[in-house]
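Use the sequences and the hints to build the structure in full.
Protein chains in written order, with the numbering used here: chain A, 656 to 938; chain B, 458 to 787.
It is worth saying that the hints were derived from the structure and are not from the lab. It should be emphasised that the depicted structure is a prediction, and the values quoted were computed from it without experimental measurement. Beta carbons are placed, not taken as given, at the ideal position from N, Cα and C, and that holds for glycine. Some hints could be false.
Claimed, not checked - Which bits of chain A does chain B cover? Going by a derived footprint, with three or more residues having C-beta under 8 angstroms, they are:
| no. | segment |
| --- | --- |
| 1 | 761 to 770 |
| 2 | 877 to 890 |
| 3 | 893 to 905 |
Unchecked claim - From the structure, some residues in chain A lie toward chain B, with a derived Cβ separation under 10 angstroms:
| no. | residue |
| --- | --- |
| 4 | 669 |
| 5 | 747 |
| 6 | 804 |
| 7 | 819 |
| 8 | 829 |
| 9 | 865 |
| 10 | 911 |
| 11 | 925 |
| 12 | 931 |
Stated by the list, open to error - Ranges of calculated distance between the beta carbons of each label pair, as one might list FRET restraints:
| no. | chain 1 | residue 1 | chain 2 | residue 2 | range |
| --- | --- | --- | --- | --- | --- |
| 13 | B | 665 | A | 663 | 25 to 35 angstroms |
| 14 | B | 674 | A | 729 | 52 to 62 angstroms |
| 15 | A | 903 | B | 580 | 18 to 28 angstroms |
| 16 | A | 718 | B | 665 | 23 to 33 angstroms |
| 17 | A | 903 | B | 535 | 21 to 31 angstroms |
| 18 | B | 673 | A | 676 | 49 to 59 angstroms |
Next come the chains, spelled out residue by residue.
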Amino acid sequence: MSFVDTRYRARRRNNAVATVLALAATVFGLGWLVLILGALLWQGFSGLSPRVFTQMTPPPGASGGLLNPIFGSVILTGLAVLIGTPIGILAGTYMAEYGRHHRLSTVVRFINDILLSAPSIVVGLFIYQIMVAPMGHFSGLAGGVALAVIVIPVVVRTTEDMLTLVPNSLREAATSIGLPRSMSITRICYRAARAGMVTGVLLAVARISGETAPLLFTALNNQFWSANLNAPMASLPVVIFQFALSPYKDWQSLAWTGALLITLAVLALSITARSLVASGKQP
Amino acid sequence: MVDVALQEGLVVSVAGTARARVLDRLRVGDAAFRHLTRAAAIGVLLLLSGVIVALVVGSLPALQNFGVGFFTTDRWNPVTEKFGALAAIYGTLVTSLIGMLIAVPVGLLIAFFLTELCPQWLRRPIGIAIELLAGIPSIIYGIWGLFLFAPFLQETLQPLLINTLGNVPGIAPLFAGPPYGIGVLTAGLILAIMVLPFVTSISRDVFEAVPAVLKEAAYGVGCTTWEVVRYVVLPYARVGVIGGVMLGLGRALGETMAVTFVIGNAHKVQASLLAPGTTISATIANEFTEAVGDLYTSSLIALGLILFVITFIVLALARYMLLRIERRIG
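What follows is the structure, given as structure tokens:
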């Protein structure tokens, strides 16, 4: 009897220990989020002023803003979306519509998943090899292409997933009124899957707006205002990298402010994407 | 009669050709769109092969010059142009190992909490918060690690480790030397924080995929919550969890910016976890733009190739395992 009793008590104790550990782990995990966001808000807001949006990056020891890297980041991101989205959507369309059970789709899906989590610094090296080295200089264009390489797998993945969710009855209805396949895809399926596909692009933008590694040796950096895609271009992440590692207090403070801006942008994008998905689910 | 028939035939064929033209245009457009999408899909394949080819071509000079020695020495001297990848490979593996050692148990416990213990209304907010942690760009972790986390470790955890574990025979060399703040341990801890959300969200998804009947049966014979998770959920979800862990490992191995800030960039294989070291990605990020000479550049690209091969293997295994569990569910 007492054996059963102690055994029962031990099991209860183990359960209690596991429960407490699980609770502690959750608090631990969420604690980092609070710590990091807290530090970011504290340090970032203290350096935030209208100056940040109206002035160029300063030389060491002077005051200035982040106008040219903000502008550069917007241009590079726009370029990447412009290049990456069409390719990604077309490839995703092939996998979901034409080649759903084709061997090619299986291979592309596997490769795409690898690209999705491949180290971004390797993408930078790749673009350096095929664009920067032959052209002989760093350029905003190379930076945009490097980011596009990161956009493509994200868009491929979401496009395929979303098109697979479109009910077949829609396709059959389109075919029955005589629409060719391409039209039933572009006019019917794309419309039905629009919310999800837009979400994919937003997630891709969120992903690349903080990417630093692929830009380090493609777009490089630029101390001044430059809209020339054939010349080095500043971007927020690279400026943060350079300024944070510098010994100058002004630069470090600007780095924190830049970090805050990026994080706010990324969080806004992912929340928008999330609410789009939520609204798409309730027709 | 013949005339009329001919004329009628002509009329019919005019209307017919107009219709045929439209149909032809549709057919051509249809085929064009189909080929366009297939070309894009093949383009994704070419992208990956392009990465491999570019890296191999770029690293050939270094690999030919140093041969196998490139993998086995930790000399890294840009002045004499002698390069070896050992320190970077070692740093990459050790920091990722530290990260995984912490992130995996904690991630599994959080998934346990979210699927079995957490009240329903709290699940979504916590899930979203964990995913927000995954969305924060790595450079943010880097700047936070450099300015706040490393100084904090330097004053608290590291002296503590030196004074306690640093005196334990056997593992003392791991915790030797002064507390620098930055170093291998700090990089590993930051990787743990970064990988945690990946491990958590995938574990949660595979835990949720365990059929309710199995769990109910276990509860029915009197199992405690912990016993259900330990003896029913975990064995059932094992393949998926391993897949998720490998996916996290892939992230940790290739992570660049967060590590670059706090690793210290020292090309030496040192036993102490508190000493500065380097990783493959940190070396490339720190030195590539300043690399002069073909051999230096080529050595850095060779490092990139090694990193790519390692992560490729890890990610391929991860995808294969996740695919297996998907098939079982589907």
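For each hint, the structure was consulted:
1. 761 to 770: holds (count 8)
2. 877 to 890: This one is violated; 0 residues, fewer than the three required, reach chain B with a Cβ under 8 angstroms.
3. 893 to 905: holds (count 4)
4. 669: With a closest approach of 6 angstroms, the residue 669 of chain A hint holds.
5. 747: Residue 747 of chain A check passes; min Cβ-Cβ to chain B is 8 angstroms, inside 10 angstroms.
6. 804: 7 angstroms, holds
7. 819: Nearest chain B Cβ about 12 angstroms off; hint violated.
8. 829: 13 angstroms, violated
9. 865: 2 angstroms, holds
10. 911: 7 angstroms, holds
11. 925: Since chain B brings a Cβ to about 5 angstroms from residue 925 of chain A, closer than 10 angstroms, the hint holds.
12. 931: It is violated, given that the least Cβ distance between residue 931 of chain A and chain B is near 15 angstroms, above 10 angstroms.
13. B/665 x A/663: 25 to 35 angstroms: Given range 25 to 35 angstroms: holds, Cβ gap about 30 angstroms.
14. B/674 x A/729: 52 to 62 angstroms: 56 angstroms, holds
15. A/903 x B/580: 18 to 28 angstroms: With a Cβ separation near 46 angstroms, residue 903 of chain A and residue 580 of chain B fall outside 18 to 28 angstroms, so the hint is violated.
16. A/718 x B/665: 23 to 33 angstroms: Because 52 angstroms falls outside the window, the suggested range is violated.
17. A/903 x B/535: 21 to 31 angstroms: Distance hint for residue 903 of chain A, residue 535 of chain B holds at roughly 26 angstroms.
18. B/673 x A/676: 49 to 59 angstroms: 24 angstroms, violated
Taken one by one, the earlier hints fail for this structure at numbers 2, 7, 8, 12, 15, 16, 18, listed in ascending order.
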